[in-house]
Amino acid sequence: MQTIAAVVINLDEASERMAFQHSQLKGLGINYSRLSANDPSYTRCYQQHQNKWQRPLSYAEVSCFLNHKKVWEMVVDQDSPLLILEDDAFLAQNTAELLDQIQNIEHMDYLNLEARGNRQRKLMAKKRRYAFDDTGLFRLFQGRSGAGGYILWPSGAKKLLSKFKAGELGLVDKFINASYSLQAFQLEPAILIQLDKCEHYGLIAPIKTQSYIALNKQSLAALPHTIPQRIRRIKGQIAIALNRLRHFYQSHYRPIDISARFRVKAD
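Basically my numbering = 1-based index in the sequence shown + 303.
Hint data in this document are derived by calculation from the structure and do not stem from the laboratory.
Glycine residues also receive a C-beta, built at the ideal position from the N, C-alpha and C atoms.
Just to be clear, a hint being listed does not mean it is correct.
[Claimed, not checked] Using 27 Å as the maximum straight-line C-alpha spacing, the simulated BS3-like pairs for lysine-lysine come out as follows: (1) Lys462 - Lys373; (2) Lys538 - Lys462; (3) Lys372 - Lys477.
[Said to hold, decoys possible] Ranges of calculated distance between the beta carbons of each label pair, as one might list FRET restraints: (4) Gln350 - Arg564: 20 to 30 Å; (5) Asn334 - Phe435: 18 to 28 Å; (6) Gln553 - Ser336: 30 to 40 Å; (7) Gln486 - Ser339: 22 to 32 Å; (8) Lys329 - Leu548: 43 to 53 Å; (9) Ile507 - Leu314: 18 to 28 Å; (10) Ser318 - Gln540: 19 to 29 Å.
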């Protein structure tokens, strides 16, 4: 019996996305709850957090991080893993079956389910640690962009929350990928892509979407970076280089294949 439930992070105004998620998850037989991404308290604390990363963060980026943080707290409170989904996540048809098998694996903090195209190469172990038929779980040493869907265990949630409590915050995917204490894994072939990647993989998107975060990206890039932000960026690049060197012999950078079990067309 499948026990890993999903939490969908969804803006109140994005009703079409939520309707798609309801249809998708119900069709797959995955239990889920919805987390509203609209929280008035984020307006009050935005200035407190907007300069904590390597560049100024937009309100949407800070809000996105804090929404994921809420689900991390849910993982700890429930003392059980959760499948954390953004509302533009598109899942393969065998997702529920794989969740059944994954739930019994021990000593994992975090499992990334996503692929984001051939340019998004990840630093992964050369050999898979676990295998389910044609699906493998590989140690993930350095992820890339994308937090559309992942499974987080209580041990991993505690590590991420501890990092936040120490004063760190950033783009949620970069924050997770820079958390090198995580026992992180990548599932391949990936069973999740974000809807904006459907065309890249030759799939027809069930609905059309546009990234809320990408809307402010260019204007933020033009803002001046503070000295602490520049220092954080340098430290982050050094950490990536040292991490790659640490796992040099057992890993390589490569893109992630996706499952053949995606619907070509919406129902």
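Distance restraint evaluation - Gln486, Ser339, Cβ atoms, bounds 22 to 32 Å: holds (31 Å)
C-beta pair Asn334, Phe435: status relative to the range 18 to 28 Å that was hinted: Given range 18 to 28 Å: holds, Cβ gap about 21 Å.
Status of the given 19 to 29 Å range, CB of Gln540 versus CB of Ser318: violated (40 Å)
Hint check for Arg564 and Gln350 - Cβ pair distance inside 20 to 30 Å: The hint (20 to 30 Å, Cβ to Cβ) is violated, given that Gln350 and Arg564 are roughly 45 Å apart.
Lys462 paired with Lys373 [C-alpha distance capped at 27 Å]: holds (14 Å)
Pair hint outcome, Lys538 versus Lys462 [Cα-Cα no greater than 27 Å]: holds (20 Å)
Ile507 versus Leu314 beta-carbon gap, inside 18 to 28 Å or not: Roughly 24 Å apart at Cβ, these two residues keep to the hinted range, so it holds.
Satisfaction of hint between Lys477 and Lys372, Cα-Cα up to 27 Å: holds (14 Å)
Gln553 paired with Ser336, Cβ distance criterion 30 to 40 Å: holds (38 Å)
C-beta pair Lys329, Leu548: status relative to the range 43 to 53 Å that was hinted: Since Lys329 and Leu548 have Cβ atoms about 46 Å apart, the given range 43 to 53 Å holds.
Comparing the model with each numbered hint stated earlier shows that hints 4, 10 do not hold.
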